[in-house]
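Undergrad: Spelled out, the chains give:
Protein chains: 2
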Amino acid sequence: MAGDDVKKSDANASGGVKRKEVKKETGLGLTNCKDDNFGEWYSEVVVNGELIEYYDISGCYILRPWAMSIWETMQKFFDVEIKKMNIQNCYFPLFVSPGVLQKEKDHVEGFAPEVAWVTKTGDSDLEVPIAIRPTSETVMYPYYSKWIRGHRDLPLKLNQWCNVVRWEFSNPTPFIRSREFLWQEGHTAFATKEEADAEVLDILELYRQIYEEYLAVPVVKGKKSELEKFAGGLYTTSVEAFISNNGRGIQGATSHCLGQNFAKMFEINFENEKGQKGMVWQNSWAYSTRTIGVMVMVHGDDKGLVLPPKVATVQVIIIPVPYKDADTRGIFDACASAVDILSGAGIRAKADFRDNYSPGWKYSHWEMKGVPLRIEIGPKDLANSQVRVVRRDNSLKIDISRTNLVEHVKEMLNNIQHNLFDVAKQKRDACVKTIRTWDEFVEALSQKKLILAPWCDEEEVEKGVKARTKGEMGAAKSLCSPFDQPELPEGTKCFASGKPAKKWTYWGRSY
Amino acid sequence: MAGDDVKKSDANASGGVKRKEVKKETGLGLTNCKDDNFGEWYSEVVVNGELIEYYDISGCYILRPWAMSIWETMQKFFDVEIKKMNIQNCYFPLFVSPGVLQKEKDHVEGFAPEVAWVTKTGDSDLEVPIAIRPTSETVMYPYYSKWIRGHRDLPLKLNQWCNVVRWEFSNPTPFIRSREFLWQEGHTAFATKEEADAEVLDILELYRQIYEEYLAVPVVKGKKSELEKFAGGLYTTSVEAFISNNGRGIQGATSHCLGQNFAKMFEINFENEKGQKGMVWQNSWAYSTRTIGVMVMVHGDDKGLVLPPKVATVQVIIIPVPYKDADTRGIFDACASAVDILSGAGIRAKADFRDNYSPGWKYSHWEMKGVPLRIEIGPKDLANSQVRVVRRDNSLKIDISRTNLVEHVKEMLNNIQHNLFDVAKQKRDACVKTIRTWDEFVEALSQKKLILAPWCDEEEVEKGVKARTKGEMGAAKSLCSPFDQPELPEGTKCFASGKPAKKWTYWGRSY
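For the record, the sequence lines run as chains X and B. Under full-length UniProt numbering, think of the first position of the first sequence as 1, with each following residue one higher. Under full-length UniProt numbering, think of the first position of the second sequence as 1, with each following residue one higher.
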C-alpha cells in the first residue's frame, strides 16, 4: 500500500530514465548503471549502500556496521565449523622481522613488493626495519618448529582472525583489492600428507558453503595452475566466482597444501611412533572480506545492494504508510507489533518510524541498502488485517494476512535466498564457453566468457597465453582446473600449444 | 585416588623445597616463587601455563589458544551487552595519516612518542610516512563529522575489535604492557552531555562485570585525576585493580568522556530540533588483553595459573588413574562417560588419555594450566561408583558419587568462582591503608599499600607527589578517586599539600 511516489519507485526497473527520476525526487539512487559502467557502479553502490566509506589513505576503506555485520555472520559460521574440526584460535603479532620473512625464497619473492615497513617509532629510527604481515606463514612457523617435537604434538591446528597489509599499487577496489583487509588464516601441521590433503578439501568445502549457502554466489572448486599457486606452497585449491558483467573471474578463497617446503626451511620436525625423524606436512587457508565485494558485484542492481537474507543485518524492513485522514496511531502500532512478532520468531526485523522522510524515500533508502523484504502497512492494510510484502530481489508484491505473518515471511526469505543463488548460477552458466582452439579462445575472451579449455598443464604455455593476450583489459590467465572434470577424449589437444591436453581448465581475465 | 607421586604433587603448597622436588620429578613446575620473585614468576607462569610464547620482536607476544579462548569468552559477553545498547561494530583502517593524527594537540602529545611509522613499502619510500593507530579517535572522527548532520543522526555509537600499536620502551610485560595488543574501542557521539555521562558509567559497569564476575578480580570504580586522564579528553573513569604481591595498582579499563574537545577539532556539528547548530558530546572506552594479565597476577600461585571457571577453556580435566592389575578399560570408559555427561550439561570437560605421561605428570600439567577442577578415576573409584574431585583454588579433595556428578560439579565450579573473588578481595582489602599525613603516606608506600588519602585535587600537588617519591621502584601517583567516597569531615587536610582536602583518592605505585 503506498502513495504515488512509492509506485514510481517500485516500478523502477533498471531503465536509466526512470532511475534518474527517482534520484531527483528522493536524493537517493545511483548515477551509474551496473550494465553500462560496472566499475563506477560498484564504487558508488558500496558507498551509497553504507557498506564502505572511502578513507583518506588510498587503498584503505572503512567497513561500516552494515558491512561488518555481514562479516560477523560469516565469521560465526566458520568459527563454529573449524572448532568442530579441533582447530583452535590464537593470535600472532602483526610484525615480522626481516630475517624470518625472507627465510622461504619463493614465498618472499611473492610478497616482498607489497610489504609495508616500519622504520621509525616516535622520533627514533629502528635499528632494523620491521615488516607488517602480508600473511603469517613466516610469523608462525618458527614457533611450530619449537612446539612440535613428537607425533603426539600433531596435528597442530591453529587459526587467527586478523588484519593483514599488502601494499598493492594496482587499482585498489573496496573489499576486492585493499591495502589492509580482514581475514582468517588457518595454519595446520600433520604427520602425513594424507591428513593434510583431506583437510585442504574439508576447508574448501566450508568456503563453498560461505559463498553458495550464505552469499548465494555460485563458485567452482578446483586446483590452481603452477603459475597461479601460493608462493612457496605445494598446490593451491580455490573456490572461483565469476562476475558476468565485466567477464572477470575472481578467486574467492584459497586452501593451500604447503607440502614440506616450509617445514624444511623452518625445521619443523617430529619423531614418529617408531622413533624415526620426520618432517610435517602443512596447510594454510584463508578467506577475507573480499567475499562481501563478490556478493555485491553478483547480486547488486541499479537500485542498490541486494543482500541474501542469511547475511542481511536487517532481513525485513517495516514501513508505515500513513495518510492524512487515516488512523496513524493504529498503523504505527501494527508496524511495531509486526517487528515484535517477527523478532520473536528469530527474524531480523526493524521498523522505520522516522517522521522526516516520506514512505517513498524510505523504500528507496532500504532498497539501496539491499534489505531482502519490505513490509508496508497503510490504512487499507490495517482495515483488512493484512500487510503488503515486497521482495527486493524481483520486486514482487503480495498482500498477506497478519495471522500467518511469520510463516509467510520465513518462506519468502528462504525463497529469496534460493532465488538469488539460482539466478546468479544461470547468469554464470550462461557465460561459460567451452572451446578447443586458440581462435575460439580469443573470440570467447573478447565476449567476456568464462572459458573452459583443454590444456597441456605446462607453465610455459600459460606464460605464453598471458603474453599473447596482454592488453588494456589485462591478460587472460588460468582460473582453476575444476575438480568436476568433463570427459577428455583421448587425443584432445591443448587449445594453446597443440600438445596433448591433460585436463580441462577455466580461463579468463580476472581480478 | 592416586599413587604416591600424586599425593606429593597435591600436598605441594608454596614451599620452595617441595616445589623443586616436583619440578625435578615431572619436568614441570616453576623455578620462581610468586612471593619471592614476582616479576620472574609472572614471566614464567604465562609461558609454562601456555598462555603466551615470547616472540622474536621485543614487546610482542604470541597469544596461544589457552589465552585466546579466555579473550573470546570476555568478547562474547561484552559484544552481546553493547549490542543491547545499540552500539554497532565497524572496522576502521590500521593506518593514520600524520595530518589527522596531529589534529588534537594534547592527544598527539600523549601518543606521539609511542607511534610506529611506516615509511617504506616494497623497495619504495612513501612520500608521506603513515602512522599505525595507537588508538582510533583521530582515525574515526573526521568521518563522524561527515556522517553527523542533524539530531536524527545522533547518537552515533560504534565499536571495533582490533589491534593497536604503542611502541613503549619501558619494561614490556606480556598482556600488561605490550607493543601490540588486542582490544575493543568504543566511540560514541551524543547530542547532550547527560547522555554521554550516563553511557560512560554504563560501560564502566560492564568493565566491572568483566573483572569481578568473569575474572574474579575485585576492582574499584572511580575517576582519574587531571594528570592521569586521557590525553585530550574531558574526564576519565576507570576500574582499578591492585596486585598485592608487588603493591602496584593497575588500570583495568577506562571509559572516557571526551567532552566537546574532539568535536571542536574535527568539526562534529549537528543541527538540533529547533534548527540551532550544536557540537556533539563524545565518549571513548576500551578494555584490552591486559585483563588476562591482571587475572594471572591476582590468582596464579606457585603451581601455575589458576583460572576462574567462567573463563576457563577447560573447566574440568578428567584423568584416568589405572594400576597394573586394575580394570583399565573400565576406568577409561568411566572417564569418557564422565566427559560426555558433563559436556552434555554444558560444562567444558576433557579427559587426558595420553599413555606416555603418568597421572602425576598430568596433575601437575593441568594445575600449571590452571584448570579449576580435576577429576581422578582409579580402581577404587570405579568399584565405589564415585570419582575424586580436586579443586585447583584450594586443593580440597572430595569423593563424590557418579550419580550426582553434574549437580556437584556445577556447584563446585560456582564455589570456586566465588571463592577466588572473595580471597582476592580479602587480600586486596588487607592492603588498603587509609592515611592522613605525608609521613604516613611514605610509610604506607614503603609497605606496598593501596593508599587512600584525603587530597586537594590539584594537578601541581600530584606532580609534587610524583617528584618526591621518584626512585628505583617508580614514583607514586593517584590511581583514582573512588565513586564510593568515605565521609570527608569538614576541615580535613590534603595529605600532600596541607590545603583543604576535596576528596578521598587512591594512591600507589602502578603499572
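Heads up, some of the hints might be wrong.
Since the list gives no way to pick out one identical chain from another, each pair is judged satisfied if it fits inside one copy or across any two copies.
Below, computed lysine-lysine pairings styled on DSS-like, alpha-carbon distance capped at 27 Å [claimed, not checked]:
hint: 1; residue 1: Lys34; residue 2: Lys193
hint: 2; residue 1: Lys350; residue 2: Lys157
hint: 3; residue 1: Lys448; residue 2: Lys463
hint: 4; residue 1: Lys193; residue 2: Lys83
These aren't lab readings, by the way, just hints derived from the structure by calculation.
Undergrad: With identical chains, the pair lysine 34 and lysine 193 could be close in the same copy or across copies; at 27 Å between alpha carbons, which is it: within, between, both, or neither?
TA: Result: close neither inside a copy nor across copies, 45 Å intra and 45 Å inter.
Undergrad: Have a look at lysine 193 and lysine 83 and pick one of within, between, both or neither, based on CA distance no larger than 27 Å.
TA: Within one copy only: 22 Å inside, 44 Å across.
Undergrad: When Cα atoms must be at most 27 Å apart, do lysine 350 and lysine 157 count as within-copy, between-copy, both, or neither?
TA: between (40 Å within a copy, 18 Å between copies)
Undergrad: Please work out whether the CA atoms of lysine 448 and lysine 463 approach to 27 Å or closer within one copy, between two copies, in both situations, or in neither?
TA: Cα proximity of lysine 448 and lysine 463: one copy only (20 Å, versus 71 Å across).
In this structure, the one hint that does not hold is number 1.
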